[in-house]
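K.L.:
Based on these hints, arrange chain V on the given structure of chain H.
First to last, the sequence lines map onto chains H and V.
The opening residue of the first sequence carries number 1 in my numbering; numbering runs sequentially from there.
The opening residue of the second sequence carries number 1 in my numbering; numbering runs sequentially from there.
These are calculated hints, taken from the structure and not from any lab test.
All values derive from a computational prediction rather than experimental measurement.
A few of these clues could be false.
Cross-link-like lysine-lysine pairs, in silico, BS3-like; alpha carbons within 25 Å at most [as the list claims (entries may be wrong)]: (1) H/K400 x H/K541; (2) V/K148 x H/K92; (3) V/K105 x H/K520; (4) H/K400 x V/K11; (5) V/K4 x H/K192; (6) H/K400 x H/K41; (7) H/K208 x H/K28; (8) V/K11 x H/K419; (9) H/K407 x H/K520; (10) V/K171 x V/K18; (11) V/K148 x V/K18; (12) H/K510 x H/K565; (13) V/K105 x V/K201; (14) V/K197 x H/K419; (15) V/K11 x H/K533; (16) H/K567 x H/K23; (17) H/K407 x V/K148; (18) H/K260 x H/K658; (19) V/K197 x H/K190; (20) H/K41 x H/K30; (21) H/K528 x V/K11; (22) H/K260 x H/K560; (23) H/K533 x H/K514; (24) H/K190 x V/K201; (25) H/K592 x V/K11; (26) H/K510 x H/K533; (27) V/K171 x V/K201; (28) H/K575 x H/K540.
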Amino acid sequence: MSTAVKTEFQLSSGVPQGPLAEKWTSHKSKIRLVSPANKLKIDVIVVGTGLAGGSAAATLAELGYNVKAFCFQDSARRAHSIAAQGGINAAKNYVGDGDSIYRLFYDTIKGGDYRAREANVYRLAEVSSNIIDQCVAQGVPFARDYGGLLDNRSFGGVQVSRTFYAKGQTGQQLQLGCYSALNRQIARGKVKMYSRHEMMELVIIDGKARGIIARDLITGEIQRHSAHAVVIASGGYGNVFYLSTNAMGSNVSAGWKIHKKGALFANPCFTQIHPTCIPVSGDYQSKLTLMSESLRNDGRIWVPQQLEDAQAIREGKKSPEDIPENQRDYFLERRYPAFGNLVPRDVASRAAKERCDAGYGVNVTGDAVFLDFQSAIERYGREQAHLQGSDESNPEATMKLGREVVKAKYGNLFQMYEKIVDQNPYNTPMKIYPAVHYTMGGVWVDYNLMTTIPGCFCIGEANFSDHGANRLGASALMQGLADGYFVLPYTIGDYLADDIRTGPISIDSKEFEKAEHQVKSQIDRLIKQNGTKSVDYFHKKLGRIIWDYCGMSRNEKGLKEAIEKIKELYQEFQKNVFVPGRANEYNEELAKACRVADFFELGLLMTIDALDRTESCGGHFREESQTPQGEALRDDENFMYVATWEYTGKPNSPKLHKEDLIYHDIEVKSRSYK
Amino acid sequence: MDIKLKIWRQKNATSKGKFEKYALNEINPEMSFLEMLDVLNEQLISSGESPVAFDHDCREGICGTCSLFINGRAHGPDRFVTTCQLHMRRFKHGDTITIEPFRAKAFPVIKDLVVDRASFDRIQQSGGYISVNTSGNTQDANAIPIPKADADLSFEAAACIGCGACVAACKNASAMLFVSAKVSQYALLPQGQVESKRRVKNMVAQMDEEGFGNCTNTGACEIECPKGISLENIARMNREFILG
Numbered sequence: 001m002s003t004a005v006k007t008e009f010q011l012s013s014g015v016p017q018g019p020l021a022e023k024w025t026s027h028k029s030k031i032r033l034v035s036p037a038n039k040l041k042i043d044v045i046v047v048g049t050g051l052a053g054g055s056a057a058a059t060l061a062e063l064g065y066n067v068k069a070f071c072f073q074d075s076a077r078r079a080h081s082i083a084a085q086g087g088i089n090a091a092k093n094y095v096g097d098g099d100s101i102y103r104l105f106y107d108t109i110k111g112g113d114y115r116a117r118e119a120n121v122y123r124l125a126e127v128s129s130n131i132i133d134q135c136v137a138q139g140v141p142f143a144r145d146y147g148g149l150l151d152n153r154s155f156g157g158v159q160v161s162r163t164f165y166a167k168g169q170t171g172q173q174l175q176l177g178c179y180s181a182l183n184r185q186i187a188r189g190k191v192k193m194y195s196r197h198e199m200m201e202l203v204i205i206d207g208k209a210r211g212i213i214a215r216d217l218i219t220g221e222i223q224r225h226s227a228h229a230v231v232i233a234s235g236g237y238g239n240v241f242y243l244s245t246n247a248m249g250s251n252v253s254a255g256w257k258i259h260k261k262g263a264l265f266a267n268p269c270f271t272q273i274h275p276t277c278i279p280v281s282g283d284y285q286s287k288l289t290l291m292s293e294s295l296r297n298d299g300r301i302w303v304p305q306q307l308e309d310a311q312a313i314r315e316g317k318k319s320p321e322d323i324p325e326n327q328r329d330y331f332l333e334r335r336y337p338a339f340g341n342l343v344p345r346d347v348a349s350r351a352a353k354e355r356c357d358a359g360y361g362v363n364v365t366g367d368a369v370f371l372d373f374q375s376a377i378e379r380y381g382r383e384q385a386h387l388q389g390s391d392e393s394n395p396e397a398t399m400k401l402g403r404e405v406v407k408a409k410y411g412n413l414f415q416m417y418e419k420i421v422d423q424n425p426y427n428t429p430m431k432i433y434p435a436v437h438y439t440m441g442g443v444w445v446d447y448n449l450m451t452t453i454p455g456c457f458c459i460g461e462a463n464f465s466d467h468g469a470n471r472l473g474a475s476a477l478m479q480g481l482a483d484g485y486f487v488l489p490y491t492i493g494d495y496l497a498d499d500i501r502t503g504p505i506s507i508d509s510k511e512f513e514k515a516e517h518q519v520k521s522q523i524d525r526l527i528k529q530n531g532t533k534s535v536d537y538f539h540k541k542l543g544r545i546i547w548d549y550c551g552m553s554r555n556e557k558g559l560k561e562a563i564e565k566i567k568e569l570y571q572e573f574q575k576n577v578f579v580p581g582r583a584n585e586y587n588e589e590l591a592k593a594c595r596v597a598d599f600f601e602l603g604l605l606m607t608i609d610a611l612d613r614t615e616s617c618g619g620h621f622r623e624e625s626q627t628p629q630g631e632a633l634r635d636d637e638n639f640m641y642v643a644t645w646e647y648t649g650k651p652n653s654p655k656l657h658k659e660d661l662i663y664h665d666i667e668v669k670s671r672s673y674k
Numbered sequence: 001m002d003i004k005l006k007i008w009r010q011k012n013a014t015s016k017g018k019f020e021k022y023a024l025n026e027i028n029p030e031m032s033f034l035e036m037l038d039v040l041n042e043q044l045i046s047s048g049e050s051p052v053a054f055d056h057d058c059r060e061g062i063c064g065t066c067s068l069f070i071n072g073r074a075h076g077p078d079r080f081v082t083t084c085q086l087h088m089r090r091f092k093h094g095d096t097i098t099i100e101p102f103r104a105k106a107f108p109v110i111k112d113l114v115v116d117r118a119s120f121d122r123i124q125q126s127g128g129y130i131s132v133n134t135s136g137n138t139q140d141a142n143a144i145p146i147p148k149a150d151a152d153l154s155f156e157a158a159a160c161i162g163c164g165a166c167v168a169a170c171k172n173a174s175a176m177l178f179v180s181a182k183v184s185q186y187a188l189l190p191q192g193q194v195e196s197k198r199r200v201k202n203m204v205a206q207m208d209e210e211g212f213g214n215c216t217n218t219g220a221c222e223i224e225c226p227k228g229i230s231l232e233n234i235a236r237m238n239r240e241f242i243l244g
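So that you can see chain H by itself, here it is in the shape it has in the complex (with noise of 0.2 Å):
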């Protein structure tokens, strides 16, 4: 059911001309506007409503447009956003510890590893500061200090403490500030809202984006939206692992849907593994639970030094308080004394990942390692002691002290390890493995966030542009939140100037027609299908193929043996995947095996594109470029460029377009945090 593709791309970034630090501003002074008398005659489509998408579509309805959102959650404020912890960055400087937006767009590339198109990123330091006052102004409450200013901490990969943040809720304040700011467009009419509504297929007239197909999630009535543009923001594709930090119901759909209409998709490889997580415990395991990189600012990283050690932690007979201090292995501390427990999330992944490999692992599977709070809960009783000037020397009182200075930062996160680990972190070191968080590979996008299907524009985790091979921790938000206030409202009128004269879209074109028509034959194949496999069977294999083969550490042999794997398991899904229920009811397992057959030809291109790219950089290992060190080897000379791909019709041949990246205002050197 392939549709057909423009066979040639002009791969234009759009990026505009001048001084780096000049380029946002001047762009937005020269692009076309639309007047608020026209805003009111265009519709535009959002689909995604975390930060990305729910910021942008209260922005555009604030503007005047005539928003339509939909996500596929019961309500607009439990996107996965809301899930994320730690913080947000912002190159405010109140630390007064030398933050620049210069700075924070030098680590942002350099975290990167240089993959990301710089003046994308500069622009998004350049907004950052906004952001936060931006949110403030909604009632965000973020943390703050008894003089009754804004806190800052620190994150990985950075010397400065730029990071704002709430508890370890940060995701669910932002999310819930612009849930707020959505609610206020919705009760004045200019967002209509579709709740439990999944996008299926992009329209597609004369050229141009104009509309989507949705199905109810709770009828399974297959709807026709139309508008002069769609905006997708329905964030990354980590579940393709099948076991990862995201929600359940997190999904490639929308944007693999816009690919298939001709939306290149770009370094689909670059995947975050986020060092700190909550191990594995068994196979009925569903999901995996994120310990927040704010953690790595309190607490130390290691293993035993000795592997008997280890062992007889992982048997049981010893726990980790028998490990004298001269026996343990500060393995981060050690490799990295620069940044030590705040390098950046891939290098910090691959070091627990090769002492676990190495055999040094501390439960039961081999696959975790400690991250411990005690020196952090000695030194803040020891600060509070002093301060209240009670007695130093009293360990137990200045522990006591400790926890609940350490309580107060973390609270939260430690009771959530509490319950599902049924240990006590404050007492006992937490157990953590690298686990599958976030996708930067993603949508291709221009300078103008827009795909290359005119009027189709892709913001948030789920367009590619700014994080390059290997995401800091804390920009999440600060991109999703960028592209969805302070960006794609402006840059979307540059597009929609042409459309003040055409009029409504018309729903009843053949293009819908056809649309509608694709969109329900694969639902009533996957109906009809009589398979003896459930949706879930078939997810689970291919998240473990992709985890094996296409997770922290990647090899020619093994990607190439990862390709066959997947096709045949596809092939069977095809045949054999069993679908309960009908179509036009509620029916969760008939949403999961449309969001599995994406994920299937998704994990293709995954593969494809890790094949490809012989270098590592970021988040990409492989194996066969590294230096004596074990450190990540970059191929500057053949590989600074993002490997975008064209749809062709069979999943199994895509086509590679490149764009080079280009770095006029940054020296590029290899990344090193020693």
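P.N.:
Coordinates of chain V only, in the frame set by chain H:
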């Protein structure tokens, strides 16, 4: 461990529901409660039966999607957890576990254990916001210092996940805790003062219109709230309402 389940099954909003019994053997106590339901559904699907519909998404206690009334309590027997954070180690071999949807007039059943909580959204739409546009020209975030104690209290109120446990736990199906949490978040901040009177009036009116019951101060909502939202918020809302 082996367990028995008594689960509310209801085909759709209009049909009449009833309890069905199921037995599950060799359940790993380390499983989460929802993973136990996954196992049940996998078995139902493989025997060609319709799986039990239940709401869930993040499975880490923050999105507020999961619900379930377990053995007569919203989110099950533990305090300060959502159903997705409940683990089977909390139950014993041989237990019978009764699972119902959150019941309230304002939360109609969609299917089995899935209910429609759009009434909560409509209450928020009636005033749960500060009227500020995204101009990019708002004043600097540190322009107004806010006492830490106020900011912390505001945060605690804002931690509500909108799951509806307070309503399900209340014998009157009152939504006072939910509404008061939002009212309090803004009432405690200077940014929220400007339209505070209008906000509380509109939100309370919408709450009544949705068919939620009255508060009779039993405090069940506070006990069952997975985020520990305090009853003090209800007192604060009442004060705001009277002043308004």
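K.L.:
So, for every hint listed, does it hold in this structure?
P.N.:
Structure-based check of all given hints:
Between H/K400 and H/K541, the direct Cα distance comes to roughly 46 Å. Violation of the 25 Å bound is thereby established for this hinted pair. Restraint check: the Cα-Cα separation between V/K148 and H/K92 comes to about 20 Å, which is no more than 25 Å; the hinted pair holds. With a CA separation close to 35 Å, the supplied pair V/K105 and H/K520 exceeds the 25 Å bound. At roughly 53 Å between alpha-carbon atoms, H/K400 and V/K11 are farther apart than 25 Å, so this suggested pair is violated.
For a cut-off of 25 Å, the pair hint linking V/K4 to H/K192 is broken: about 44 Å separates their Cα positions. Of the supplied pair hints, the one linking H/K400 and H/K41 is violated, its CA atoms being roughly 62 Å apart against a limit of 25 Å. In summary, the hint linking H/K208 to H/K28 is supported, as the alpha carbons are separated by about 23 Å, within the 25 Å threshold. For the suggested pair V/K11 and H/K419, the alpha carbons sit about 33 Å apart, so the restraint of at most 25 Å is broken.
Of the supplied pair hints, the one linking H/K407 and H/K520 is violated, its CA atoms being roughly 52 Å apart against a limit of 25 Å. As the CA atoms of V/K171 and V/K18 are separated by approximately 21 Å, the hinted pair is consistent with the 25 Å bound. Restraint check for V/K148 and V/K18: the C-alpha separation of about 50 Å exceeds 25 Å, so the hint is violated. Between H/K510 and H/K565, the direct Cα distance comes to roughly 38 Å. Violation of the 25 Å bound is thereby established for this hinted pair.
At roughly 22 Å between alpha-carbon atoms, V/K105 and V/K201 fall within 25 Å of each other, so this suggested pair holds. Taking the CA atoms of V/K197 and H/K419, the gap is about 40 Å. The hint is violated against a cut of 25 Å. This hinted pair checks out: V/K11 and H/K533 have alpha carbons roughly 24 Å apart, not beyond 25 Å. With a C-alpha separation of about 44 Å, the suggested pair H/K567 and H/K23 falls outside the 25 Å cut-off, and the hint is violated.
At roughly 16 Å between alpha-carbon atoms, H/K407 and V/K148 fall within 25 Å of each other, so this suggested pair holds. Note on H/K260 and H/K658: the hinted pairing holds, with a Cα-Cα distance of about 18 Å set against a maximum of 25 Å. This hinted pair checks out: V/K197 and H/K190 have alpha carbons roughly 24 Å apart, not beyond 25 Å. About 23 Å separates the Cα atoms of H/K41 and H/K30, which keeps this hinted pair within 25 Å; it holds.
Between H/K528 and V/K11 the alpha-carbon distance is near 21 Å, which keeps this suggested pair within the 25 Å criterion. Taking the CA atoms of H/K260 and H/K560, the gap is near 23 Å; set against the 25 Å cutoff, the hint holds. A distance of roughly 30 Å separates the Cα atoms of H/K533 and H/K514; the hinted pair therefore is violated under the 25 Å criterion. Between H/K190 and V/K201, the direct Cα distance comes to roughly 23 Å. Compliance with the 25 Å bound is thereby established for this hinted pair.
Between H/K592 and V/K11 the CA atoms are separated by roughly 19 Å; this keeps the pair inside 25 Å, and the hint holds. For the given pair, H/K510 sits about 36 Å from H/K533 by alpha-carbon distance, which is inconsistent with the 25 Å threshold. For a cut-off of 25 Å, the pair hint linking V/K171 to V/K201 stands: about 24 Å separates their Cα positions. Between H/K575 and H/K540 the alpha-carbon distance is near 17 Å, which keeps this suggested pair within the 25 Å criterion.
Hint compliance for this structure: hints 1, 3, 4, 5, 6, 8, 9, 11, 12, 14, 16, 23, 26 are not met, and every other hint is.
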